[in-house]
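Based on these hints, arrange chain B on the given structure of chain A.
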Amino acid sequence: MYVIVTGAGKVGVNLSRELIDQGHEVTLIESNRHRYLGVEQLLEHNVLYGDASELWVLERAGIERADMVVAVTGDDEDNILICQVAKEKYSVDRIIARVNNPSNRPHFDLLGIKPVISATDLILRLLEHEVPHRNLIRLLDLEEEEIEIIEVRIGSDSPIVGRTVGAVGLPEHTLVISIIRDGHGFVPSADSEFKAGDDILVVLDPEREEDLKRALGHEKARSKPG
Amino acid sequence: MYVLIVGCGRVGSNVARSMLADGHTVSCLDQDPESHNRLEVGMDITWEEAGGLFTVGTALESEALETAGIERADAFVAATNGDNTNIVISQIAQRRYAVETVIARILDPLRAEWYREQGLHTICPTRIAIEMLEDKLRLAAGSGPGGEEA
Chain A
0 MYVIVTGAGK VGVNLSRELI DQGHEVTLIE SNRHRYLGVE QLLEHNVLYG DASELWVLER
60 AGIERADMVV AVTGDDEDNI LICQVAKEKY SVDRIIARVN NPSNRPHFDL LGIKPVISAT
120 DLILRLLEHE VPHRNLIRLL DLEEEEIEII EVRIGSDSPI VGRTVGAVGL PEHTLVISII
180 RDGHGFVPSA DSEFKAGDDI LVVLDPEREE DLKRALGHEK ARSKPG
Chain B
0 MYVLIVGCGR VGSNVARSML ADGHTVSCLD QDPESHNRLE VGMDITWEEA GGLFTVGTAL
60 ESEALETAGI ERADAFVAAT NGDNTNIVIS QIAQRRYAVE TVIARILDPL RAEWYREQGL
120 HTICPTRIAI EMLEDKLRLA AGSGPGGEEA
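Here the protein sequences come in this chain order: A and B.
Residue numbers are given in numbering that gives the first Met the number 0: position 12 of the first sequence equals residue 11, and the series is strictly consecutive.
Residue numbers are given in numbering that gives the first Met the number 0: position 39 of the second sequence equals residue 38, and the series is strictly consecutive.
So here's chain A without its partners, still in its complex pose (with noise of 0.2 Å):
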């Protein structure tokens, strides 16, 4: 496969050298002379100095019979350009583009390029699931003695809601002591019922913390913050 990246920061840098230990063909397009001479050193022959958003430059380095650009350069607009002249003009068969900064992203969509790849969204991804939702509170954390308190706000889409505390049947080891409702928290009764927007107080395994959430419906309110 014959890839042309352009862009030779340290994604474009060791994405092509990557490629190139699989067996594939790789021009690395990079415009700044200083880090074009310092990769060059690296990559010898498959680097190649000039601006990949000049056409002239794009059709030296062979863009007619690219199977695939990659544009990795730290300029969004640059990207989009790169990647639309080597869609609709040289009809590359696929491209790839970074996204720099996340807000960008509507403009690579409207402007038809995809697929994007953006290293801001994907830690923040990662993080959703490392770092408790904001719609999940832990008030009180015993580690030694594997119990807590957690807070969570009932979503209007939670199954829960317009059921008593009793019909309900959250998992075992977990138990419900407290609805807040309208700034004013009670101790729940068997019949008391859940409504959209309350805030529940939980005292549970934290080994349970999954179990719960799937219960009251939290993994589906995450997709939807707000």
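Derived from the structure by calculation, the hints contain no laboratory data.
Wrong hints could be hidden among the right ones.
[Unchecked claim] Derived CB-CB ranges, DEER-like:
{"no.": "1", "chain 1": "B", "residue 1": "H23", "chain 2": "A", "residue 2": "D120", "range": "36 to 46 Å"}
{"no.": "2", "chain 1": "B", "residue 1": "G68", "chain 2": "A", "residue 2": "R59", "range": "37 to 47 Å"}
{"no.": "3", "chain 1": "A", "residue 1": "I19", "chain 2": "B", "residue 2": "E65", "range": "26 to 36 Å"}
{"no.": "4", "chain 1": "B", "residue 1": "G8", "chain 2": "A", "residue 2": "P101", "range": "23 to 33 Å"}
[What the hints assert, rightly or not] Think about it this way: if two alpha-carbon atoms lie no more than 20 Å apart in a straight line, the pair counts; the simulated SDA-like pairs of lysine to any residue are:
{"no.": "5", "chain 1": "A", "residue 1": "K88", "chain 2": "A", "residue 2": "V56"}
{"no.": "6", "chain 1": "A", "residue 1": "K88", "chain 2": "B", "residue 2": "K135"}
{"no.": "7", "chain 1": "A", "residue 1": "K88", "chain 2": "B", "residue 2": "Q117"}
{"no.": "8", "chain 1": "A", "residue 1": "K113", "chain 2": "A", "residue 2": "P101"}
{"no.": "9", "chain 1": "A", "residue 1": "K86", "chain 2": "B", "residue 2": "L109"}
{"no.": "10", "chain 1": "A", "residue 1": "K9", "chain 2": "A", "residue 2": "D20"}
{"no.": "11", "chain 1": "A", "residue 1": "K88", "chain 2": "B", "residue 2": "L119"}
{"no.": "12", "chain 1": "A", "residue 1": "K86", "chain 2": "B", "residue 2": "G118"}
{"no.": "13", "chain 1": "A", "residue 1": "K113", "chain 2": "B", "residue 2": "R94"}
{"no.": "14", "chain 1": "A", "residue 1": "K86", "chain 2": "B", "residue 2": "R94"}
{"no.": "15", "chain 1": "A", "residue 1": "K86", "chain 2": "A", "residue 2": "D108"}
{"no.": "16", "chain 1": "A", "residue 1": "K86", "chain 2": "B", "residue 2": "Q117"}
{"no.": "17", "chain 1": "A", "residue 1": "K113", "chain 2": "A", "residue 2": "V2"}
{"no.": "18", "chain 1": "A", "residue 1": "K194", "chain 2": "A", "residue 2": "G161"}
{"no.": "19", "chain 1": "B", "residue 1": "K135", "chain 2": "B", "residue 2": "T125"}
{"no.": "20", "chain 1": "A", "residue 1": "K88", "chain 2": "B", "residue 2": "D107"}
{"no.": "21", "chain 1": "A", "residue 1": "K86", "chain 2": "A", "residue 2": "G61"}
{"no.": "22", "chain 1": "A", "residue 1": "K88", "chain 2": "B", "residue 2": "L109"}
{"no.": "23", "chain 1": "A", "residue 1": "K86", "chain 2": "B", "residue 2": "E116"}
{"no.": "24", "chain 1": "A", "residue 1": "K88", "chain 2": "B", "residue 2": "P108"}
{"no.": "25", "chain 1": "A", "residue 1": "K86", "chain 2": "B", "residue 2": "W113"}
{"no.": "26", "chain 1": "A", "residue 1": "K88", "chain 2": "B", "residue 2": "H120"}
{"no.": "27", "chain 1": "A", "residue 1": "K88", "chain 2": "A", "residue 2": "M67"}
{"no.": "28", "chain 1": "A", "residue 1": "K9", "chain 2": "A", "residue 2": "T119"}
{"no.": "29", "chain 1": "A", "residue 1": "K88", "chain 2": "B", "residue 2": "E112"}
{"no.": "30", "chain 1": "A", "residue 1": "K86", "chain 2": "B", "residue 2": "L119"}
{"no.": "31", "chain 1": "A", "residue 1": "K86", "chain 2": "B", "residue 2": "E112"}
{"no.": "32", "chain 1": "A", "residue 1": "K88", "chain 2": "B", "residue 2": "E116"}
{"no.": "33", "chain 1": "A", "residue 1": "K113", "chain 2": "B", "residue 2": "R95"}
{"no.": "34", "chain 1": "A", "residue 1": "K88", "chain 2": "A", "residue 2": "E63"}
{"no.": "35", "chain 1": "A", "residue 1": "K86", "chain 2": "B", "residue 2": "R115"}
{"no.": "36", "chain 1": "A", "residue 1": "K9", "chain 2": "A", "residue 2": "G49"}
{"no.": "37", "chain 1": "A", "residue 1": "K9", "chain 2": "A", "residue 2": "I19"}
{"no.": "38", "chain 1": "A", "residue 1": "K86", "chain 2": "A", "residue 2": "M67"}
{"no.": "39", "chain 1": "A", "residue 1": "K88", "chain 2": "B", "residue 2": "W113"}
{"no.": "40", "chain 1": "A", "residue 1": "K9", "chain 2": "A", "residue 2": "D50"}
Keep in mind it's a predicted model, so treat the numbers as computed, not measured.
Cβ atoms here follow ideal geometry from the backbone N, Cα and C, with glycine treated the same way.
Chain B alone, transformed into the frame defined by chain A:
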């Protein structure tokens, strides 16, 4: 009409002043607050006193474009110092905001030519300079020694 000019350099600022003098509503967007001074060159009142609008912001930020009034713009001029920026924001103005008249200043003749073929209204100062130089030289060649024309 409402004219939004993105990029308040030599070109943008001059066009802005002319359009304001013609009686249009003119809004300028530039990421450099200092570029505001360029608008007031040769004027004895401030740009705002003259009725002009100025927003500091990056051209790619939808929020900045909206603050600068892109939603009610009848004409959009992309005159930043980056060809690719001008190409991208012109397409945004055209496709997302459906601005009626969109003009992009593109210095690189090759990019200007291809995007013109794709339906973008482009102005290429480099192309204009090339043609003028060629004309002058041909004229000199035609009238001076070594001229082939009769």
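Under the criterion that the straight-line Cα-Cα distance not exceed 20 Å, is the pair K88(A), W113(B) satisfied? 8 Å, holds
For the pair we were handed, K88(A) and Q117(B), check the Cα-Cα distance against 20 Å. Holds, because 10 Å separates the two Cα atoms, which is no more than 20 Å.
Does L119(B) lie within 20 Å of K88(A) when you go C-alpha to C-alpha? Roughly 14 Å between the alpha carbons, so the hint for K88(A) and L119(B) holds.
Is K88(A) within 20 Å of E116(B), Cα to Cα? 11 Å, holds
Does E63(A) lie within 20 Å of K88(A) when you go C-alpha to C-alpha? 9 Å, holds
Check whether the Cα positions of K113(A) and P101(A) lie no farther apart than 20 Å. 14 Å, holds
Straight-line Cα separation of K88(A) and M67(A) no greater than 20 Å? 14 Å, holds
Holds or violated: K86(A) with E116(B), Cα cutoff 20 Å? 15 Å, holds
Proposed proximity, R94(B) with K113(A) (alpha carbon, max 20 Å): With a Cα-Cα distance of about 17 Å, the restraint between K113(A) and R94(B) holds, given a limit of 20 Å.
Would you mind confirming whether the straight-line C-alpha gap from K194(A) to G161(A) stays at or under 20 Å? 6 Å, holds
Given the proposed pairing of K9(A) with T119(A), does the C-alpha separation stay at or below 20 Å? Distance of about 15 Å is within 20 Å: holds.
Given pair status - G61(A), K86(A), alpha carbons within 20 Å: 14 Å, holds
Taken one by one, the earlier hints fail for this structure at numbers 3, 6, listed in ascending order.
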